[in-house]
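Undergrad: All chains should be modelled from the sequences, with the hints used to inform the complete structure.
Here the protein sequences come in this chain order: A and B.
Quick note: to get the working numbering, add 1 to the position in the first sequence (first position is 1).
Quick note: to get the working numbering, add 294 to the position in the second sequence (first position is 1).
Wrong hints could be hidden among the right ones.
As the list claims (entries may be wrong) - With a straight-line Cα cutoff of 30 Å, these simulated DSS-like cross-link-like pairs (lysine-lysine) come out:
(1) B:Lys685 to B:Lys612
(2) B:Lys386 to B:Lys685
(3) B:Lys612 to B:Lys684
(4) A:Lys69 to B:Lys386
(5) A:Lys84 to B:Lys612
(6) A:Lys3 to A:Lys84
Worth flagging that the hints you see were computed from the coordinates, not collected in a lab.
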Amino acid sequence: MKIVAMDVMSTGVIAYYVAVASRNGLFTPIFINAEKRSYADPVPQAVILTAIVIGFSIQALMLVGVMKLARDNPTLESNEIQKNNTP
Amino acid sequence: MNNITVAWAALPFFLGFAIYLIPKLDRYLALLGTIISFAYALRLFIEESPLTLQFLDNFGVTLMVDRLSAFFILTNALVTAAVILYCWRSDKSAFFYTQAIIVHGSVNAAFACTDFISLYVALEVSGIAAFLLIAYPRSDRSIWVALRYLFVSNTAMLFYLVGAVLVYQANYSFAYDGLRDAPPEALALIFVGLLVKGGVFISGLWLPLTHSESETPVSALLSGVVVKAGVYPLVRCALIVEEVDPIVRIFGVATAFLGVIYAIFENDTKRVLALSTISQLGWILAAPQQGGYYALAHGLAKSALFLTAGNLPSRSLKELQNKPINTPTWVVLVVGSLSISGFPLLTGFGAKALTMKNILPWQVIAMNIAVVGTVIVYAKFIFLPRGEGKKPKPGFWAAIILLIGWLLTANAVYYEAYTVEGIAKAFITLAGGWLLYWLIFRRAAGKLPSFLEEFDHLIGVMSVISVLLFWMAFLCLDI
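TA: Structure, rendered in structure tokens:
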């Protein structure tokens, strides 16, 4: 559950980046001979793409870890797992 | 030099993949990577002016390396090499070496870059690789500790990302010096990410459990270099943007105290070492200009101590007082402890002297008390009995000779510290600390509650720290 909550957080961050990018305009900045419009800023979008990939891979990695843990002691309660594994 | 820098930054990652393709050559390739980093760091010391690289436009990747980063890179190279030598004859698979060299490379990248997004990528990569290293034994506990680590660091990095985009919004660039014109909330969010990642102050209390429950070589690697990847950007920001310098110093002093107090009342060898890492990170932050040298001294001594602690007959200090330790192992333990306590002839002494010279007047009293506290903590190790005992693992000596050899060599960097006054001061502090230890703390059995280390509190503390940082930033940037 906590991992899913973390994913929601990261979605929020991604949405914020997109919002920052589109503050000055919504048009895709493609180099064509058209009249001047208000273009979206491509940099935050490019940057957040990296963050999306990293967030996704971390998500996958953590879910695998949780699956392994949950198979050995059949619970998903993080407090229980913590109690079993703290010295 | 520019090309060398780029090649050096990219090389560990190529080596990591190469190890996976040719598993037979794993340890040789990993060692090669650290040797190249080592040579590169030495090359940086010769360089007069800092080297700055900028790719693409003002929103591209920027790198900057100078003597400060050279110290950090040198620490990284030596500690990783020692860890690889330590594992040389163990049955670790190629996977372990791949992760080790990738951690090495990403930490190197964090030490070189000066823009927030490259730093983000470097820190996340080091986080994932460290996760895999901690979870390497595949036991339940190691997986839980690793999950906890990754969760905490990833949440912190999400805060950091929001801060980074606020900096971009203010400057249309992600470079560190943009922090000056950024709103205070940007500074607060970025710093909360870095403080958590670097294990500083109460936001760093994830560190004791993670570092003490990992395997011996992994704890040495984590404590020696990985946390410094979070601390280095703080130091660099304090140097680039003078306005945040007081914030970093305040956190430095507070951390030095917190770690020492926790460590004095601790009875488990590896936890003592991990908690003292927190306090030593505070020392690095307390005087940002000289943080590099201190980081070198701490990284070498602490990884030597962690490797030794893995070869002691027991982890409980109470039991160790009755069980003798093998004499050569004992000598290593004492040399490492003396270096961190600031004994002359070892690097720790010069580093302490240099830090003391560069702190501001309001920090002097606090830091002097912290020195005595450190001496008390390490007196626990120095006054353990020696004698016949179990021999350390093969590979131990190769790693230790490298680390201790450099502890002695690196003295030369700041030989001006050897004045009569300085040496006298060091001995008085040591004597005072040992006296206090024998009189009071040897029998003190109290243990501080560790409820702050619980998982939920770790996340909660992050928000508390970010509020605190916001007001600090508000006061520092706007007046």
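Undergrad: Next, verify each hint and record whether it holds.
TA: The hints, checked one at a time:
1. B:Lys685 to B:Lys612: Roughly 21 Å separates the two Cα atoms, so the pair holds.
2. B:Lys386 to B:Lys685: Judged against 30 Å, a Cα distance of about 20 Å means the pair holds.
3. B:Lys612 to B:Lys684: Status holds; Cα separation ~18 Å.
4. A:Lys69 to B:Lys386: holds (21 Å)
5. A:Lys84 to B:Lys612: holds (24 Å)
6. A:Lys3 to A:Lys84: holds (17 Å)
Hint violations for this structure: none, all hints satisfied.
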